[in-house]
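Trainee: Chains as they are written, first to last, in the numbering used here: chain A, 1387 to 1735; chain B, 1387 to 1735; chain C, 688 to 1084; chain D, 688 to 1084.
Because the hints were derived from the structure by calculation, they are not lab data.
Be aware that one or more of the hints could be misleading.
Unchecked claim - Computed cross-link-like contacts, BS3-like style, restricted to lysine-lysine with a CA-CA straight-line distance of at most 27 Å: (1) K926/D to K1691/A; (2) K825/C to K1691/B; (3) K1566/B to K1694/B; (4) K926/D to K926/C.
Stated by the list, open to error - Here are some, though not all, of the chain B residues that point toward chain A, as calculated from beta-carbon distances under 10 Å: (5) A1521; (6) A1663; (7) C1669.
To be verified - Away from chain A, derived, C-beta distances all over 10 Å, residues of chain C: (8) P741; (9) R758; (10) R769; (11) A776; (12) A878; (13) M978; (14) S984; (15) G1043; (16) E1073.
Heads up, the beta-carbon is just placed ideally off N, CA and C, and yes, glycines get one too.
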Amino acid sequence: MTALTLGSAITAGLARAMSDDDRVLLLGEDIGTLGGVFRVTDGLQERFGAPRVIDTPLAEAGIVGTAVGLALRGYRPVVEIQFDGFVYPAFDQIVCQVAKLHYRSNGRIRMPLVIRIPWAGGVGAAEHHSESPEAYFVHTAGLRVVTASTPQDAYVMLRQAVASDDPVVFFEPKRLYHSKGEVDLDADLADAPPLHLARVAREGTGVTIVTYGASVRTALDAALAAEDEGISLEVIDVRSLSPMDLHTVAASVRKTGRVVVVHEAARQAGMGAEIVASITERCFPFLEAPPQRVTGHDIPYPPAKLEKHHVPDLDRILHAVDRVWERDTGAPPAGGVAAAGSTVEEGVR
Amino acid sequence: MTALTLGSAITAGLARAMSDDDRVLLLGEDIGTLGGVFRVTDGLQERFGAPRVIDTPLAEAGIVGTAVGLALRGYRPVVEIQFDGFVYPAFDQIVCQVAKLHYRSNGRIRMPLVIRIPWAGGVGAAEHHSESPEAYFVHTAGLRVVTASTPQDAYVMLRQAVASDDPVVFFEPKRLYHSKGEVDLDADLADAPPLHLARVAREGTGVTIVTYGASVRTALDAALAAEDEGISLEVIDVRSLSPMDLHTVAASVRKTGRVVVVHEAARQAGMGAEIVASITERCFPFLEAPPQRVTGHDIPYPPAKLEKHHVPDLDRILHAVDRVWERDTGAPPAGGVAAAGSTVEEGVR
Amino acid sequence: MTYTQTTPHHGSAVDGTAADAERTHESAARGRTPRSEDGGDVARLLEPDGTRVPDPALDPWIADLSPHELRALHRDMVLTRRLDAEGVALQRQGQLALWAPCRGQEAVQIGTAHALSAGDFAFPSYREHGVLLARGAKPEGYMLAWRGEEHSAYDHASINVAPMQIIIGAQALHATGWAMGAQRDGSTDVAVAYFGDGATSQGDVNEAMVFASSFGAPVVFVCSNNQWAISEPVTVQAKHPIAGRAPGFGIPSLRIDGNDVLACVAAMRWALDRARRGEGPSFLEAVTYRMGPHTTSDDPTRYRTVDEVERWAERDPIARFEAYLCAEGVLDDSALAEVAAAADALAAEVRAACIGAVTRAPETVFDHVYAEPHAPLAAQRAEYVEYLAGFATEEDR
Amino acid sequence: MTYTQTTPHHGSAVDGTAADAERTHESAARGRTPRSEDGGDVARLLEPDGTRVPDPALDPWIADLSPHELRALHRDMVLTRRLDAEGVALQRQGQLALWAPCRGQEAVQIGTAHALSAGDFAFPSYREHGVLLARGAKPEGYMLAWRGEEHSAYDHASINVAPMQIIIGAQALHATGWAMGAQRDGSTDVAVAYFGDGATSQGDVNEAMVFASSFGAPVVFVCSNNQWAISEPVTVQAKHPIAGRAPGFGIPSLRIDGNDVLACVAAMRWALDRARRGEGPSFLEAVTYRMGPHTTSDDPTRYRTVDEVERWAERDPIARFEAYLCAEGVLDDSALAEVAAAADALAAEVRAACIGAVTRAPETVFDHVYAEPHAPLAAQRAEYVEYLAGFATEEDR
Ligand SMILES: Cc1ncc(C[n+]2csc(CCOP(=O)(O)OP(=O)(O)O)c2C)c(N)n1
Ligand SMILES: Cc1ncc(C[n+]2csc(CCOP(=O)(O)OP(=O)(O)O)c2C)c(N)n1
Ligand SMILES: [Mg+2]
Ligand SMILES: [Mg+2]
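Bound-form chain A, shown alone (with noise of 0.2 Å):
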């Protein structure tokens, strides 16, 4: 075992990759010489050659439609997009082609394509260097959307995500790309849990935490003040959120009976709208209180200096515990609900 930062997990899983198979490239704007502005790219080039590891223009449907079509041509790309919100100039080639090839062909064509992007707020960044866009590429059938919140999980799931024989968007929490931890270099991939699959990141009995990113760190913080008050949490990191793995999520709501779902992006329509209707597509009799959702506001990321406003944290997560916890919900309270929902405006009116 050897510790090393997410960052630099991602580039020894990159590196790892590359030397595996040679059809393995990367292609993004300031990978090579520079090494990546977050540097996870560094020494690739020099390790690889320019022709593996290229500085494309300044473009990004054009870095991903290239991939596409070298992805025809039998190569295995791997691209960076710069930050989260320099995604959307790409988004009718990933949303149109690299959804879509392998359907529109009846599986004649493969995408073996990778897209890293680093991703999401709490580093203080300039506008459209934090967003979370996850919920665009999860709805989207044809890709694969995954995320990983320790190094272990980066080194390995960037592997598996080269592996792939499908497009993976394969998002980075650049707040974690500095936390460190301890990496099975040696891993091997077929010892590994399957890309799809869930992890239990702290088991617990009282209300099940289900997140992803960098807000895992959040909630296991979140998990160990709620031990001082007495609740236990269950934290569960998505680490797929297409396909998502609604098995593991749905026995531990089974078993607490509560739930709370973290993440940074918005609330409408986002990723947690989603597994709150499936956990209640799946466990509504097992639910003792409605689930909830702690997520970013509906509004653009704010200015750093307000975005601690926006980025859920501890102290909002345990708020929303309390109120699974505290709420029990067998049947509607006189005037209850009402009440429950007094904070919330129901209506546009």
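Given chain A, put chains B, C and D with the ligands in place with the hints provided.
Mentor: Just chains B, C and D with the ligands, lined up with the frame of chain A:
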């Protein structure tokens, strides 16, 4: 009152908006001489002149991006995206610019832009011509997202969208373009229901159907059929997907305790997830059964000959109605949930 | 003049340098190329009446064409036209959902496709029926998508043609990426991106030129300027000849008569040769005309005159080539009859492929969304199959 | 040569026609413009040492510049540099989250911005501090975004400048649309899109050229080619001079020494004049250099040599202009001292604006998402306010 198709009601709405306000102008591909591939802008260039009905070069980012500039200059641009599947090249301009400029400028810059999108399937069209991308926009803070399912709504809501100082994505259910209805062309906008309100398309007592767009028709047909079987369906046409009028939806669900959400878009992280999650949060104690989603599958839109197996039809709605109607869920039945859930494999193992 | 129309020179590098531009000015000055209807110069080897005119730059590229090859070009153009007519007819009869006619554009499609080698890879739009045919697609292959049975029905790998592209311009980037791959493989394979005049306005096509130029990728951009993008005349996209765009990106370009199959072969060979020699991308603007509607859903009388269509009919690519070949003795009546018979046979095959098509089973809509197992989708499929089975049961009762 | 470097001619239409190109070749042949370091021709009025050189095409455009105006140009360049240095310092001291230095690019920013009229509208990127300053933005206006307090803090309508744009190239389309609006209003207002060399690869910038050309929109594209897009040299974006792109779109372009403020004023006046006369868009490539890192987060030693930076230091835009103005007697020591004092004062103001900045109340994150009432968001806000109030209560206990 005049009998108009939904398509010509929009034409009338555009003409009215243009004569009411000479800062309103139209941009799009083939909207001038041709009058649009659906003839929705037919006659408008002749009537209002080429400077106000602009045939643009073939570039959607260009269309939306120049519309942003026109809005900055004080115009109120209404852009047409020729088909749902062609909006993605403009995604960056819509998400990063149109949706955010008011926020970014602390309210100094207004974006009174309407993005009209002929939308969704069921018309036997070619690939990329039957997409349902609404959830992407609903998830994007700063946008309003609406759709009309009757000619009257189409006429009024289009005018309201143009009058709004916020950007509005206006989805036009192309399956209903030729459906007729009475339209009050002299309607005063002040008397019309606000743009953000849902409409109870049919009152009922047994099960609430929440839907929008062309599926409203299907749901109304289902309500007729269900009546024969002795089940009373209340059909809610959400109309405004963002913001959503949860007040109207929740009032219905509290009455019926059972809800089926219907849309054509893929299920995962779709609009239905948001509706189910919101209902569960607000109406949990009133729910007699877990809400059901009847949606397009999590697949790219299939070839036209197979689309009837993707777009929810009357039978699929009735099937879901049966499930929420028959199933009573006071307490977990002995092994019942596993059984109930057995048609849907929950995990991904 | 604001753009450079680069002249191909046989065997010599034409890399868009100043020297090259001089040459262009020079040859333009010689008045070598007749003016096309729409006001720009086009390079041409066959006049509309079939007269062979010399072009010192293009001539060498087709000098070696054998009578056999000339007949093959002719034959494929005739087959394409017949296939296209059959597509229109089948659509009218309700056998197809839609058809995008290519009538009038046979020369650029067949000429460029014939110049390709087997290892090259074509990235067509939705109108390149001739390219599919020339590359060997089966009738089902090119018809079933238009019937709504499949999104793409030919076998891409065996004929080296990407699925037809409906998202305007997207394929230009795919071709460029594929070419970057070919380059990395050290092969001499070349990618070809086909698109229309309208497509040149899309960001993707321009980004493709940027990437192709930066990496010197072996890709040929073939723009079939058929004067219209649905109802919009090419002047909405470009006030100046489209071929003039490419040199600004460092890509030599050539504006040719897209209704002259010999010019199309020659120009394509020039471009392919450059690519194979490692000289990078080229751009061809083939000036042609869409004789039919945009698609069978379109009504072109709303935006263009019969007059205009008639003027272009006089420049028909097949009539012109036939006149030339007959005059040269390469074709005679019996050969023409044989080609007509082949066209009839193809039409019958096409018709049979359409009418005999059986729609796939409902649950196949779930197939091939992913290459690897995907449990939630498998569950969705199972649920739907169970749901459908429920009907059978009900009906059985 | 594959591109046309259009020469501006005082008072005469330069529309990118053949005649125009001839003129260009002609003037190039006269050897008028010295070669820039990176191998292309640039138009220039001031040598790096401050020597005034004639350029018959540019000269007339600045003939009327008064000593007062010359001093104003100098002053704003000095202020910009000082402001920029203060930005870097404030970032180092933790007062700013980030800063994108513009050192070295003062001439193109101030020269072009000074040529504008009040009614014109500028669409800057994130590095155009000089443009903001010249247009009259207040110190808070240009600093607070970099502190992370606001996304955009100046009053766009009062200074006619759009919020700075971080999405590379997006603003080129906004400028074009704004220009289409100005055109429809029958005004003579002109839009200016500022962007970098890297931005020219983006689809948006190319689509902007397509739209601007098709509609003859009164927009000037100003590309500050500072040789780098973060770590990528301009050759990754373009193997040929960037100014060569525009003519292919039907847009006359000019490649100028971006470190020569007089050339920048002249070229911009030429372009603005064309636009105001209804002659449509123009494109300026200002060849300059980013002396600092990409942003304060960047480490340029990873990708470029000290040598290169030093060579460009010798072509400093301010030193050059000062040398010229002093030689001409327009500036003397006391005037220079006065400007230095003004720069000190500005720096103090800027510093005060940063250090005195008070972060807005938490609930303001919900403000201005929509222009019109939005009940669910109002409810979300109320819920958050209530939640925050809960803390106060807890703490009170
Ligand atoms: C991104 C996108 N926008 C719009 C369309 C709708 N559309 C289909 S064909 C077409 C015109 C294309 O014109 P051109 O590129 O000249 O090709 P042609 O049809 O003439 O062969 C348009 C606007 C589309 N398919 N894709
Ligand atoms: C769409 C998009 N992609 C990537 C980035 C990240 N990025 C910020 S600045 C920059 C380089 C820009 O170079 P250039 O256009 O030359 O402008 P300069 O910074 O040199 O002024 C990049 C890649 C971005 N801001 N937007
Ligand atoms: Mg065309
Ligand atoms: Mg730069």
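Trainee: Does each hint fit the structure? Answer for all of them.
Mentor: Evaluation of the provided hints:
1. Pair hint K926/D plus K1691/A does not hold up; C-alpha atoms about 41 Å apart against a cutoff of 27 Å.
2. Note on K825/C and K1691/B: the hinted pairing holds, with a Cα-Cα distance of about 20 Å set against a maximum of 27 Å.
3. With a CA separation close to 23 Å, the supplied pair K1566/B and K1694/B stays within the 27 Å bound.
4. For the hint linking K926/D to K926/C, the alpha-carbon distance of about 25 Å falls within 27 Å, and the restraint holds.
5. At about 5 Å, the closest approach between the beta carbon of A1521/B and any beta carbon in chain A falls short of 10 Å, and the interface hint on this residue holds.
6. At about 4 Å, the closest approach between the beta carbon of A1663/B and any beta carbon in chain A falls short of 10 Å, and the interface hint on this residue holds.
7. Interface restraint check for C1669/B: the shortest CB-CB distance to chain A comes to about 7 Å, inside 10 Å, so the restraint holds.
8. Here P741/C stays apart from chain A, with its beta-carbon at least about 38 Å from theirs, past the 10 Å limit.
9. The beta carbon of R758/C sits about 33 Å from the closest Cβ of chain A, which is more than 10 Å, so the claim that it is off the interface holds.
10. Every CB of chain A is more than 10 Å from the CB of R769/C (nearest about 27 Å), matching its label as outside the interface.
11. Residue placement check: A776/C keeps its beta carbon more than 10 Å from all beta carbons of chain A (closest about 26 Å).
12. For A878/C, the shortest C-beta to C-beta distance to chain A comes to about 7 Å, within the 10 Å cut-off, and the non-interface label is violated.
13. Once the 10 Å rule is applied to beta carbons, M978/C is consistent with being away from chain A; the minimum gap is 29 Å.
14. Non-interface call for S984/C relative to chain A: holds, since the shortest CB-CB distance, roughly 21 Å, exceeds 10 Å.
15. With a least CB separation of 19 Å from chain A, G1043/C remains clear of the 10 Å interface cut-off, as annotated.
16. At the 10 Å boundary, the C-beta of E1073/C stays outside the reach of chain A, the nearest C-beta of that chain being 16 Å off.
The structure fails hints 1 and 12 (numbered hints given earlier, in ascending order).
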